[in-house]
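2 protein chains.
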Amino acid sequence: MSTTVVNGVNVQALLDAREVLKGAPEAAQFVWRASSKWQKGVHSTTTIQNFFGLGEEQTHKSESVFDADHPAVFAAEDNGITPIEYLLVGLASCLTAGVASVAQNRGIQLRSVESTVEGNHDIRGILGADSDVRNGFNDVKVTFTIDADASKEDIEALVAQSQKRSAVFDALTNPTNVTVEVA
Amino acid sequence: MSTTVVNGVNVQALLDAREVLKGAPEAAQFVWRASSKWQKGVHSTTTIQNFFGLGEEQTHKSESVFDADHPAVFAAEDNGITPIEYLLVGLASCLTAGVASVAQNRGIQLRSVESTVEGNHDIRGILGADSDVRNGFNDVKVTFTIDADASKEDIEALVAQSQKRSAVFDALTNPTNVTVEVA
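Each protein sequence line maps, in turn, to chains A and B.
If you use our numbering, the first sequence corresponds to residues 1 to 183, in order.
If you use our numbering, the second sequence corresponds to residues 1 to 183, in order.
Honestly, the hints are just simulated from the structure, not real lab data.
Honestly, I wouldn't trust all of these hints.
Any copy will do: because identical chains look the same in the list, a pair fits if it lies in one copy or spans two.
Listed next, the in silico DSS-like pairs over lysine-lysine satisfying Cα-Cα at most 25 Å (straight line) [claimed, not checked]:
#1 Lys-141 <-> Lys-40
#2 Lys-61 <-> Lys-164
#3 Lys-61 <-> Lys-37
#4 Lys-152 <-> Lys-164
#5 Lys-37 <-> Lys-22
#6 Lys-40 <-> Lys-22
#7 Lys-37 <-> Lys-164
#8 Lys-141 <-> Lys-37
#9 Lys-22 <-> Lys-152
#10 Lys-40 <-> Lys-152
#11 Lys-164 <-> Lys-22
#12 Lys-61 <-> Lys-152
#13 Lys-61 <-> Lys-22
#14 Lys-141 <-> Lys-152
#15 Lys-152 <-> Lys-37
#16 Lys-164 <-> Lys-40
#17 Lys-40 <-> Lys-61
Full structure from sequences and hints, please.
As structure tokens, then:
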């Protein structure tokens, strides 16, 4: 059935990669990289192009540059979205990619997939106004609206499987060791 | 001394906000939002413009749209960076904004702030090749190169204080509850 649906995901390549990487764990070690440069105030630009994977240097087909800043309500120039909003971009896009991949694998034709993400954030933490308030999100909610050739139950199962395999969902819901150094 | 340095951060506004929000915790409750739309394959576009804070609806001065996709090595079209790379953009920009803010507050003139971020990622997790491998990053490393009117020790203290107050550093190093629903 999966060959008759057209979601645009090459699931066979992913299934093949899974089998190959089972026997070649060193090829599965990826390093994603970003380079950031302070502009002025709290405005910075971050560039992404190269990464490492499958045992060698890789490159995206083009360089991507992202502006981050604070909005006017924080007395800044709003030259880009805030850093924490980038986490919502990553979460929404990761879960959406997962929905498309799982749908392809299960032979479900998607017509549209939309989602909204809301991150609740008590900014007293980052301002140092209350040491009992954490710096990050209090919690995050993602709501999908999906039109597909499938039952409500099958669509819910799609989303659940996407969540189970999502890199960004894991990175936000479980702790990761982050080391910060000065060169 | 802080009035003589020009890093472009309005620290007084932030210090004033801290005092005001100590007595008005409801105004400190922000909601950051993103809307995402599946395009084709694992390509999606995510839009950010509006958020809630200081008790009312707020808007960024312009709408920002972000493409996410998988690279050619995952048999995709590479129409944007991968979802997990967006976490690196958020981390670098958050820590950089913090360095600028703390420097302004401490009267340290910055000349340049650059950073590189590396996220190590064993992709056997997301591919389902090994259930003992997590989906997210194994670990992340940030390296700052800072040119400023300050000693190495003062620069290291700047970075340490930025880390201590960083929303994104907290969101990656500590767990957050994320709910995913189908409308």
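Provide an ascending list of the numbers of those earlier hints which the structure does not satisfy.
Per hint list: 2, 5, 6, 9, 12, 13 violated.
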